[in-house]
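Visitor: Each chain, written out:
Protein chains: 4
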Amino acid sequence: MAITGTTDAGAGPIRYGMVGGGQGAFIGGVHRIAARIDGEFTLVAGALSSDPARAAASAAALGIAAERSYASFADMAVAEAAREDGIEVVSIVTPNHMHYPAAAAFLNAGIHVICDKPLTATLEDARKLSDLAKASGRLFILTHNYTGYPMIRQARAMVADGLLGDLRLVQAEYAQDWLTEDVESTGSKQAEWRTDPAKTGVGGATGDIGTHAYNLARFVTGLELDMLAADLQAFVPGRRVDDNAHVMLRFQGGARGMLWASQVAVGHENGLKLRVYGTKGGIEWSQEDPNYLWFTPFGQPRQRITRGGAGSGPAAARMSRIPPGHPEGYLEGFANIYAEAARAIRAARTGAVDPEVIYPSVTDGLEGVAFVAACVESSRANASWVKLGL
Amino acid sequence: MAITGTTDAGAGPIRYGMVGGGQGAFIGGVHRIAARIDGEFTLVAGALSSDPARAAASAAALGIAAERSYASFADMAVAEAAREDGIEVVSIVTPNHMHYPAAAAFLNAGIHVICDKPLTATLEDARKLSDLAKASGRLFILTHNYTGYPMIRQARAMVADGLLGDLRLVQAEYAQDWLTEDVESTGSKQAEWRTDPAKTGVGGATGDIGTHAYNLARFVTGLELDMLAADLQAFVPGRRVDDNAHVMLRFQGGARGMLWASQVAVGHENGLKLRVYGTKGGIEWSQEDPNYLWFTPFGQPRQRITRGGAGSGPAAARMSRIPPGHPEGYLEGFANIYAEAARAIRAARTGAVDPEVIYPSVTDGLEGVAFVAACVESSRANASWVKLGL
Amino acid sequence: MAITGTTDAGAGPIRYGMVGGGQGAFIGGVHRIAARIDGEFTLVAGALSSDPARAAASAAALGIAAERSYASFADMAVAEAAREDGIEVVSIVTPNHMHYPAAAAFLNAGIHVICDKPLTATLEDARKLSDLAKASGRLFILTHNYTGYPMIRQARAMVADGLLGDLRLVQAEYAQDWLTEDVESTGSKQAEWRTDPAKTGVGGATGDIGTHAYNLARFVTGLELDMLAADLQAFVPGRRVDDNAHVMLRFQGGARGMLWASQVAVGHENGLKLRVYGTKGGIEWSQEDPNYLWFTPFGQPRQRITRGGAGSGPAAARMSRIPPGHPEGYLEGFANIYAEAARAIRAARTGAVDPEVIYPSVTDGLEGVAFVAACVESSRANASWVKLGL
Amino acid sequence: MAITGTTDAGAGPIRYGMVGGGQGAFIGGVHRIAARIDGEFTLVAGALSSDPARAAASAAALGIAAERSYASFADMAVAEAAREDGIEVVSIVTPNHMHYPAAAAFLNAGIHVICDKPLTATLEDARKLSDLAKASGRLFILTHNYTGYPMIRQARAMVADGLLGDLRLVQAEYAQDWLTEDVESTGSKQAEWRTDPAKTGVGGATGDIGTHAYNLARFVTGLELDMLAADLQAFVPGRRVDDNAHVMLRFQGGARGMLWASQVAVGHENGLKLRVYGTKGGIEWSQEDPNYLWFTPFGQPRQRITRGGAGSGPAAARMSRIPPGHPEGYLEGFANIYAEAARAIRAARTGAVDPEVIYPSVTDGLEGVAFVAACVESSRANASWVKLGL
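Chains as they are written, first to last, in the UniProt record's numbering: chain A, 1 to 390; chain H, 1 to 390; chain U, 1 to 390; chain G, 1 to 390.
Okay, chain A solo, but in the shape it has when bound (with noise of 0.2 angstroms):
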């Protein structure tokens, strides 16, 4: 029972700012809640909306002082770098089509960025972020959150380890059903942004879980993709983007997938559900029961590893705070993201690197909003075979 997760912050937390996520957003908040968890992180500054007024009451509700409540992100680059104390990272929270201004703004203002993924709506805007983040010097943290999963580090160093063999299959899915009906048509705001092509990207479903789904198979074979094919459709009549993607994918090496993303898949809610299968082994993974990795080695009964418990590792047990049995969630998850990140920018403080910390980079973001467009430009060919462009 060695839990090494929780750290308590006894250096002092670190200064950050939040751009988005003023009152009525969902993500943000989550954001809030995960720098909060283990007390590594203070909330000093904002630009909560690109509505003053909410922008200033969101802000006064969280506490931030009102001279650093920002009517634009660019005001608060300027404004934050120039200051003493001024936050040492940003956390961009805004529709997928404002990450790159936003993010391009602190970066060229040397402070380290937190983007929410996709990590951006364009294939364009995500190679010039990818370069100016690489050219910046400053850290740039994906909030690809499902990576921060124990059990997602666990199979990723299980892989790792070489307990799978050599790696043949990848199935990765993300069920969702409340795009089911038009819903972006009656009220709801989360459903108009994320079906409108201009706001969400190119990609639908694809862009909204299937970068996930897409981001959390990587992450764990780490493996790479050679090419896919794809059959996208959007069900719902009038829908902008798609709200379903069936994709086939062939990895370099020679390891094949399949991965399904759906809007209007009926039952689900957040079925984000990964299998992977080598010569030696085979492992299932899903998000919605997150503290049971089931593993089978060839031959032998399919286990149920527990976060934690019997034949959990150190991989997970540095993600964990709490003993077996007591379940972990998402927002420990996402915490998880923000642990690594206070690691690597305290680390980043002395110009070191935590050779231990693993989070979600630029280039990950960057294959990620290939994947989109690969995924697009494949169905609009009619599920030829594309590779990435990245």
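It is possible that part of the hints are untrue.
[As the list claims (entries may be wrong)] Partial selection, computed: residues in chain U whose CB lies under 7 angstroms from chain A:
| hint | residue |
| --- | --- |
| 1 | P101 |
| 2 | T122 |
| 3 | Q300 |
| 4 | R304 |
The hints are simulated quantities; they were obtained by calculation from the structure and are not laboratory data. Heads up, the beta-carbon is just placed ideally off N, CA and C, and yes, glycines get one too.
Please arrange chains H, U and G on chain A, whose structure you already have, making use of the hints.
Guide: What follows is chains H, U and G alone, placed relative to chain A:
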């Protein structure tokens, strides 16, 4: 608790014979149990093996009179047709390449046929057999046994009754792991013929289990395929047929699907699963837990409908023998095909057709063989879209 | 995949008769299917109902010759014993209070007995029948059918092999909900006799299903009871026997347990579950998902052992008919009792005993009736500790 | 998807202190995370250890100012009460025997108390503390954290709304295996104090986890105990408190129940389960999968209600932070107790009481300690029926 499935064969059992299924075979024993469960059939003749000694020994062990143990199916068809007390129906349980000649012999002799799946090893044979069966006026029952599971009947009825609304998505899979290694080279008789294209046909996993998944999808949904795109693979070096198949499906009317069949997915025994989603609901069923059907009406909690329990209707009840909570399994599902066959045969004696009887037909068999052929053709053309060559 | 259970009765089926089980009965049909599955038995005589018309009609429907359909079990015992081709064994499937007189008649006539459980309706009858059966030299097989499930055999073997270490705890339960309301007053024939003390005995849920849970606990663990304390209740107003039983168990040697039997637990169909814990391991099994046995060796991950799969040994294999992943169910488990009976009967023809054959005996039956009596006695004494009156 | 639980503490966090919870402790860290998640609390003072060096180091690591790190809780209570910026509430996370003196000191100083469970190590202390707390006019919140799970709130609301009808049965269990061996003799600090009657009280498993199961049963059902009969056992030789408890329950009004608490049940981590059955429905909940509540309305299929999904109402929603399908866990449930505490504290500033706030009180704590005492008394009297000594 209206259980209507048990028949106890008051009218006297139907005389049947068997081709194949001698000592050491697997599926022949299953057919015999299926035929016995309701007491509807009695085994009186056989050509149980191409090896005469094994044929005779097998017949004796099964209580078949010596003079009705035949050296060849051809002899058997002729001799039984000539007997007053000859068989009414024959069960053909040989390897796939023998299905056509054996079935043809009995149809030509005026004897009904129950035949294991897939229909034949080649599409050419399948077409010929389909034509012959239709012309013969005899019954042809293909043992796609999974269609006999009560909750599959329930699912089919729910789709037909509109509980799922307009269908959008079909996700089918059949995952096994018994061919993870090169067992065909190390003495497994089952593996040997099932990976030999001359005996099994052009498809490996595709033919052996992919056809089951495909048939089940069609049976439950009533959808007809428009086209498919398949990516087949033989992961085990030297294997002559596919051991893994990834298939994208487009159905007539606009529904889409994916199908995965694998014999190298470590951790799976007979993981046949079907999920269907429509505008109003979704269902999920797994062969390894066959007494449950999961149903989500859109906007309501997920329900676990049990065989014979609340929410389970007459379509399931007529295929059930015991009350809910007492699990039925694979053999009962298989026996239900035989029970339907018995009803059809008794009706056919007077030229009647029992309108409630449902069983997979020679047309379904042709469809299955065409599915395998299309998968192979598509995969050879780099996963191009292909229509079935019916 | 060494499946050894299928027998196909090469040696010719055993002639058997049936007492009870006429049209409209439930358990008689189950016995007949169980007898048919392996082809080991053929039904040739019966006293199927105390109503002569129903007896005759039932016999005709089952293909029993008219002269071997008897008006009473007494006549049947005498007549069949006198026939050259008389039955070797009789199946008694009447309500409980008739078990004793019927069984006595056949044992006295020198005919083996297969009898439904509980053994008798009263402890006095049970003692007499136990003495008679032992003195008779005939076989007496009690259909505590759950002991026929392959994974129960596996569990028993694992306990015997010491994989659980010294046993500490047994948690057994059998939960149903079909008597949640007063259905015995509204026309349910099954409910009527099962809640009538004159027919069912002093225990309601205790006798009908508690005996199954208790028998299963003993069968798997090999433990013998020291004493019990029971708190019985009839929740439905007017019900004459208990519909819920809470029982604490103390076994000889120090292990302890709890047993819960209920017929008013809404949401349960046939929720028979057994959990056993020792110093080295724990196991868990559920009748509604009988192909899985969950095993945790202390300090290791929980394993899901499947019937016939990795970790499943010969004790399960000799009770199996088909490969792992193809579920077997209640009827196959029931048939396994008949399969064991067939082996025992064939051995008994030459005075031999097959050492591998395991079945619940008249002694187990006496133990079960004594368990019910002790529960009732304890509950009347305000849940005092009571020893079994064997 | 009306998620109302997230607060983000706009009104400014509540100052709190902690007694116990220094480096190496488990539950103190959990309390701190729970206090941080919503940003409602800020930790400003502590008496974190009876070892002064450890106390100081722990305080420093947590960012507590040196002058507010106290050598004793007595000093802390006095000093903080005297400060203008003193703590409003203290969290007491020591071993059980220190709960009473510590809580008394703060209540006497006019400071609200959040206290870990069980309330005290002895029934005498529990009575005194209960009286003191009621007389003090201060808030007393006991962290029976499982009452904070959203689906437990949902279950409680469903019972209160009559969806289960009149309650008949309560089956509660809490199974662990971490004390399967004599770890208290081999260096486990947690095991040492939890098996030492001087620190933990007279109950072992009974007090540590049995109280949780008992509290949860009462919380969900609203039932009050009439009497219990308990059979306790210490299976591990030399253990000074029970490690397994079997308890039969009789509630006022006629409902009955069983409770099982074990720390030697191999294969269980934190297996807290609650099942409740009434005349109209049944529910089932498991702590290890806390986002699901299984509900069967009598005569309908079993439903899986997910946290925030269809069928989940406002009682769950006010305890939730994120949408359905994104699992919440133990820490969020714990944080919900702190969130309720925060609401109660803010209301108490003006003498108000928030009618929606629900938390386990000192009365619940007294009930729990009385439960342990009654179990021990009953067990010593050979499982006689005992009433709670409230």
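Visitor: Using Cβ atoms only, decide whether U:Q300 comes closer than 7 angstroms to chain A, and label the hint accordingly.
Guide: Constraint on U:Q300 satisfied, holds at 5 angstroms.
Visitor: Holds or violated: is the Cβ of U:P101 closer than 7 angstroms to a Cβ in chain A?
Guide: violated, 48 angstroms
Visitor: Min Cβ distance, U:R304 to chain A: is it shorter than 7 angstroms?
Guide: holds, 5 angstroms
Visitor: Close enough to count: is the Cβ of U:T122 nearer than 7 angstroms to one in chain A?
Guide: Result: violated, 45 angstroms to nearest chain A Cβ.
Comparing the model with each earlier hint shows violations of hints 1, 2; every other hint is respected.
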